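**Q** Residue numbers (numbering that gives the first Met the number 0), protein chains in the order written: chain P, 0 to 391; chain Y, 0 to 391.
Please keep in mind that the hints were generated in silico from the structure rather than gathered at the bench.
Mixed in with the good hints, there may be bad ones.
The list treats identical chains as interchangeable, and a pair is accepted whether it falls inside one copy or across any two copies.
Said to hold, decoys possible - Each computed BS3-like pair below joins lysine-lysine, with the alpha-carbon atoms no more than 30 Å apart: (1) Lys-347 to Lys-27; (2) Lys-243 to Lys-119; (3) Lys-384 to Lys-255; (4) Lys-64 to Lys-2; (5) Lys-26 to Lys-127; (6) Lys-26 to Lys-243; (7) Lys-127 to Lys-85; (8) Lys-355 to Lys-384; (9) Lys-335 to Lys-59; (10) Lys-52 to Lys-384; (11) Lys-335 to Lys-64; (12) Lys-355 to Lys-2; (13) Lys-255 to Lys-85; (14) Lys-355 to Lys-156; (15) Lys-335 to Lys-26; (16) Lys-121 to Lys-239; (17) Lys-255 to Lys-347; (18) Lys-156 to Lys-243.
Nothing here was measured: the structure is a model prediction, and the numbers come from that model.
2 protein chains.
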Amino acid sequence: MYKLTQVQSGVCASDGFFADGVSAGLKKEGAKDMAFIYSDTLCDIASVFTTNKMCAAPIKHFRAKGDFQTNFVMINSKNANAMTGKAGIEDIEDVLASSQEQVINPVMSSTGVIGVRLPKQKIIEGMKLFDLSARNPHAAAQAIMTTDTFSKECAYKVELEDGSFFHIGAMAKGAGMINPAMATMLCFITTDAAVSKAQMQEILDEVTITTFNAASVDGDTSTNDTVMLLSNAKSGVYHKEAFKEALYNIMLFLAKEMVRDGEGATKLVTYDVTGAKDNQEAEIVAKALSNSLLVKTALFGEDPNWGRIASTVGASGVEAYEESLSISFDDLCVYKNGELLFDAAMEKEAAAVMQKQSFTISCDLGVANGSFRAFGCDLGYEYVKINADYRT
Amino acid sequence: MYKLTQVQSGVCASDGFFADGVSAGLKKEGAKDMAFIYSDTLCDIASVFTTNKMCAAPIKHFRAKGDFQTNFVMINSKNANAMTGKAGIEDIEDVLASSQEQVINPVMSSTGVIGVRLPKQKIIEGMKLFDLSARNPHAAAQAIMTTDTFSKECAYKVELEDGSFFHIGAMAKGAGMINPAMATMLCFITTDAAVSKAQMQEILDEVTITTFNAASVDGDTSTNDTVMLLSNAKSGVYHKEAFKEALYNIMLFLAKEMVRDGEGATKLVTYDVTGAKDNQEAEIVAKALSNSLLVKTALFGEDPNWGRIASTVGASGVEAYEESLSISFDDLCVYKNGELLFDAAMEKEAAAVMQKQSFTISCDLGVANGSFRAFGCDLGYEYVKINADYRT
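Required output: the full structure, derived from the provided sequences and hints.
**A** Rendered as structure tokens:
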């Protein structure tokens with residue numbers, strides 16, 4: 000038995016971790032644009048990166064270091080350092096060479112515009128502003144935001160039966176370019192649990208599938224997607240099931256927060272697909288629904304156009320039949336095994352569900368027992384506005 | 000040797016074909032909403048239908064008839080007769096039973112809202128308005144429109160060296176729910192060429208790949224997609240290469256017209272992908288580009304954000320390398336083999352290309368010799384507006 004309690008201090012919830020955000024002049028008007036996470040002892044690292052073949056320089060730089068420990072991660076927003084070739088990697092080396100004395104094997108992570116060299120001098124100046132004894136997790140979470148409208152943090156204290164405890168804390172940024180094939184731009188997680196590196200990686204991989212990899216804003220997979228989990232083992236305590244459950248809670252919360260804050264999104268929709276041939280086919284359907292432009296615009300219009308949901312199921316290529324399909328909005332079944340149930344009264348009820356900020360669309364394919372749950376948002380004018388003008 | 004000449008009379012360009020559009024009160028304000036194509040002799044039929052598993056009742060009805068000839072196709076807009084089960088098929092039988100005397104093996108085709116039964120009585124009344132001796136191809140093309148802002152027709156006269164000739168004529172409707180996996184809502188083609196049914200089907204399948212299946216508006220594949228080619232062989236003339244070239248010209252023109260008239264679209268963009276591992280990988284990239292929300296919104300914003308193009312190439316999963324990728328806007332190369340060429344002067348030039356109504360984005364992957372060309376449009380506020388309010 001164990002007890003999970005949510006706590007407030009983000010990536011600093013874990014013992015021995017420090018963090019802050021500063022302004023280095025990358026963003027306009029003095030907004031925070033550089034963050035660090037520092038641990039006073041060395042950390043093991045577990046990580047998941049984008050599957051994009053054009054992965055950014057920070058990811059290449061990280062991978063080239065092989066197996067290592069670190070006590071320092073530095074993150075900048077506004078510039079992704081992607082498509083910058085060897086020069087982009089050299090820029091990282093130059094910047095990290097100016098790290099403070101106590102920093103060992105520093106790691107960098109970036110998010111922002113693709114195809115522009117890092118403003119190296121500004122970043123080096125920014126690093127001088129870092130106070131490694133600061134515990135300002137919220138400032139760090141704000142500094143890594145790009146088109147996010149709110150910062151995203153989550154942390155748990157995990158208490159075991161004997162009274163011993165450990166922590167997991169996290170921050171993330173999301174908003175656009177979010178897709179089931181690695182669904183976060185950046186997420187940094189700290190823990191003082193005494194977890195082995197191998198087990199930490201195994202659990203991170205597993206939890207990613209049903210959290211970040213089940214979330215979609217626009218079906219695009221970025222060059223910089225990164226989830227990094229740092230453990231300094233300071234608590235000396237570990238419990239596998241408790242660790243996994245807390246990590247799942249944190250990553251699910253952050254994944255939903257990212258979708259809820261999807262560019263221009265006004266709704267968070269859960270797609271519950273059941274009755275598919277297998278879990279894989281259920282996943283295909285759930286992700287097709289969360290990525291369909293016609294479904295997303297109907298959500299924005301609060302139009303219970305269940306025909307588009309049926310059409311998207313049919314277009315996804317999985318085994319499905321008009322005669323065995325059922326569709327519900329929350330608990331309201333609008334189509335059942337080929338029977339048209341929809342009338343004016345039901346339309347009114349369905350429209351009321353769609354006016355909610357958060358609801359579930361369920362599709363039972365009636366084929367076998369495969370299931371998957373995905374998270375998506377609507378697509379409105381603001382998405383177009385944000386992305387038509389992104390670089391200006 | 001042969002000569003292709005574009006002619007004006009749409010589906011009536013071919014000898015022996017008649018067509019018209021009437022208003023049966025399905026659309027508001029007396030707009031035309033029912034069309035027919037009639038041939039005074041029986042026709043062979045070649046066809047390509049949607050791959051959507053929830054295919055609409057008219058497609059099921061057509062397929063159930065097996066191998067047959069017809070002289071009459073009736074089309075209604077505003078109601079797709081999809082997700083209507085057996086009742087939807089019975090509705091078609093009831094409606095077609097009221098066809099005029101000279102009609103043999105009539106075929107029906109529908110487009111519009113999914114999941115609503117056909118307004119049978121209105122349609123039966125509408126059929127009484129059909130004058131089978133009318134030659135009003137433009138009225139027919141208008142009657143099949145849904146969110147289209149202009150009607151789409153194209154026809155050719157094909158003259159052989161000995162002075163003999165035949166015709167191919169077509170009309171189409173498109174606009175939304177258009178995707179490379181069968182890229183038209185509805186397209187009807189007539190010919191008086193003496194082509195065999197088998198060869199007509201073979202050529203239709205082949206030409207579909209590089210025309211309708213290379214066009215995308217929103218990445219959704221509808222329940223009703225249909226291309227139907229009717230031949231009455233009246234000319235007694237046939238020439239395979241000439242027939243294929245004319246059919247390709249017609250279908251390419253209509254595919255581009257559909258994309259140009261994509262819901263809310265302001266631009267027609269050609270994606271020319273070369274240097275891929277093989278043609279299939281080139282096709283994956285070209286379609287990923289034409290479907291990417293981030294690329295489409297950048298097009299709408301006239302923002303030469305080539306980084307999003309690189310990112311989409313990388314996310315598509317094909318073999319690609321930052322170091323061997325090149326990207327051009329028309330003739331302006333903005334990224335070449337890993338070299339950042341983009342500066343303020345080039346940005347100005349690139350922005351000028353993007354302000355055009357029609358231009359080409361080329362991606363050379365530098366891997367091998369695979370190539371594919373796709374067609375797409377931008378995504379702006381109007382797309383959201385049209386699709387958020389579609390049923391109202």
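**Q** For every hint, state whether the structure bears it out.
**A** Evaluation of the provided hints:
1. Lys-347 to Lys-27: between (46 Å within a copy, 23 Å between copies)
2. Lys-243 to Lys-119: Answer is neither: 39 Å inside a copy and 58 Å across each miss the 30 Å cutoff.
3. Lys-384 to Lys-255: both (22 Å within a copy, 26 Å between copies)
4. Lys-64 to Lys-2: neither (37 Å within a copy, 65 Å between copies)
5. Lys-26 to Lys-127: Result: close within a single copy only, 17 Å intra versus 67 Å inter.
6. Lys-26 to Lys-243: neither (36 Å within a copy, 56 Å between copies)
7. Lys-127 to Lys-85: Answer is within; shortest intra-copy Cα gap is 25 Å, inter-copy 72 Å.
8. Lys-355 to Lys-384: both (24 Å within a copy, 20 Å between copies)
9. Lys-335 to Lys-59: between (50 Å within a copy, 20 Å between copies)
10. Lys-52 to Lys-384: within (28 Å within a copy, 35 Å between copies)
11. Lys-335 to Lys-64: Only across copies: Lys-335 and Lys-64 sit 28 Å apart there, 55 Å inside one copy, limit 30 Å.
12. Lys-355 to Lys-2: neither (32 Å within a copy, 61 Å between copies)
13. Lys-255 to Lys-85: This pair counts as neither: shortest intra-copy Cα distance 35 Å, inter-copy 40 Å.
14. Lys-355 to Lys-156: neither (32 Å within a copy, 57 Å between copies)
15. Lys-335 to Lys-26: Result: close only across copies, 29 Å inter versus 52 Å intra.
16. Lys-121 to Lys-239: Neither way: Lys-121 and Lys-239 sit 43 Å apart in one copy and 66 Å across, limit 30 Å.
17. Lys-255 to Lys-347: For Lys-255 and Lys-347, the Cα distance is within 30 Å only inside one copy (28 Å; across copies 39 Å).
18. Lys-156 to Lys-243: Close inside one copy (13 Å), not across copies (70 Å); limit 30 Å.
Of the hints listed earlier, those the structure fails to meet are numbers 2, 4, 6, 12, 13, 14, 16, in rising order.
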